[in-house]
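Engineer: With the hints as extra help, turn the sequences into a complete structure.
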Amino acid sequence: MSKRHDAIFDDVLKDLSAPASPDRGGARFLKRQNALADTGEREEKVLRWVDPASCVMWDRHNRAYDLLTEDNCRDLIDSLKAQGQQEFPAVVRRLPAGQGAEYEVICGARRHFAVSWLRANNYPQFRYLIEVRDLTDEEAFRLADIENRDRADLSDYERARDYLQALELYYGGKQKTMAARLEVSEAWLSRYLYLARLPQVVVEAWPQITEIKELHARSVRPLLQDAEDKVLAEAASIAAEQARARAGQGGYVPVPKVLARLKTAAYGTVPVEAGAAENTGGVTVQRRGKKIRLEFPATIAEGDLRAALDDFLRQQFGG
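With numbering that gives the first Met the number 0, the residue at position 191 of the sequence shown is 190, and numbering never jumps.
Misleading hints may appear alongside valid ones.
Now the in silico label distances, taken between C-beta atoms and shown as ranges [claimed, not checked]:
| hint | residue 1 | residue 2 | range |
| --- | --- | --- | --- |
| 1 | L293 | S189 | 22 to 32 Å |
| 2 | G302 | A119 | 40 to 50 Å |
| 3 | K175 | E86 | 51 to 61 Å |
| 4 | Q84 | R313 | 42 to 52 Å |
| 5 | G302 | W48 | 43 to 53 Å |
| 6 | R150 | A300 | 46 to 56 Å |
| 7 | D228 | L293 | 21 to 31 Å |
Below, simulated EDC-like cross-link-like pairs (lysine to aspartate or glutamate); rule was C-alpha separation at most 16 Å, straight line [unchecked claim]:
| hint | residue 1 | residue 2 |
| --- | --- | --- |
| 8 | K212 | D225 |
| 9 | K212 | D155 |
| 10 | K173 | D155 |
| 11 | K212 | E137 |
| 12 | K212 | D149 |
| 13 | K212 | E157 |
| 14 | K173 | D149 |
| 15 | K256 | E240 |
| 16 | K256 | E203 |
| 17 | K80 | E69 |
| 18 | K44 | D133 |
| 19 | K256 | E210 |
It should be emphasised that the hints constitute simulated quantities derived from the structure, not laboratory data. Where is the CB? At the ideal position from N, CA and C, for every residue including glycine.
Structural biologist: Right under this line is the structure:
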C-alpha cells in the first residue's frame, strides 16, 4: 500500500480496541504490542489459526466471492504452498453465537478461498490466519476498500457496485461526504458511481463483469446520451451472444468489438469524406489532409470530453 493508503488504514483502526482477552478455544499464534505514545498504554493484538469453514464472507464484502476460481487464485495458492502457511492475516469480525459460522470476513476473501481450496485438495494442514476486530459497518467498508483499492484482481465494476451501495447505506446518499471519508476526489468517485449505474443490459454485453472498466463507462456515456434506444437494443443483442458463449455455444464477443458495435449503433458507419466533419461523442472531428481539427462546446462536461477524446484516440491509433 502507498503511504497515503497506510494513513487511511490507520485512521479506520485508530479508535478500535483490541480484544481484552484471547478466545481460549482458539489457537494463540502471535502477540504484538504497540506502545501508544500519548497514553503510555499498550495494545495487544492476537492472531488465530482457524478452520476456514468457521468463517463466512461479510455480505457487504467488495469482492464477488463466487467469481473466485482456482485459475484466478492460482498465484496465491502457489504462494501459500511455497511458504507453507498464510503470512498475512485476514481481518474478521466475530458473529453472534448461534449463527453457524463464528466469524465474518471483512478483508481476506482470496486468502479464504485459497486456504479452503488447499484443504480440499490434499493439503489439510493449512489453516486460515485471522485477526479479530470490532468494527462498525462503515469502518468495515472503508477498511475493505483501502485494502483492495490498489489491487488489480478486484475489478472496477465490483468496486463501483460496492461504492454505490455504500453511498446510501453509510452516507445518506451524500457523495461529497463519502468522498471525504474515503479521501478521494468527488470527480473520481462520480466516475465509479456512473459505472455502477450502467443499465443492466449494457453490463451483460461484456464477456464478464470483471472486464468492465471505469474507462469503458466513460466511453459508453455519450453513446447513451445521444442514442439511448439504439445503444440499448444493440447491447441486448450482444448480451444474448455473450449468454450463449457462457453456455458453451460459440465464442465471446471481445470488449473492443463490444465498444465498436455500441458506437456503430449510436452513430452509424457512414464513411467520412475528406474535409467533412464527424461527431465522436460530442467532439467534432474535422480532417483536412494531414491535419485534424477537434472542436467541442465550451459547456461540455469533463467526463464527456475525456470519453470522446479516448474514443477518438482509439479510432486514430487503435487499441
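Engineer: Please name the hints from earlier in the document that this structure breaks, with their numbers sorted from lowest to highest.
Structural biologist: Of the numbered hints, 3, 6, 8, 10, 11 and 14 do not hold.
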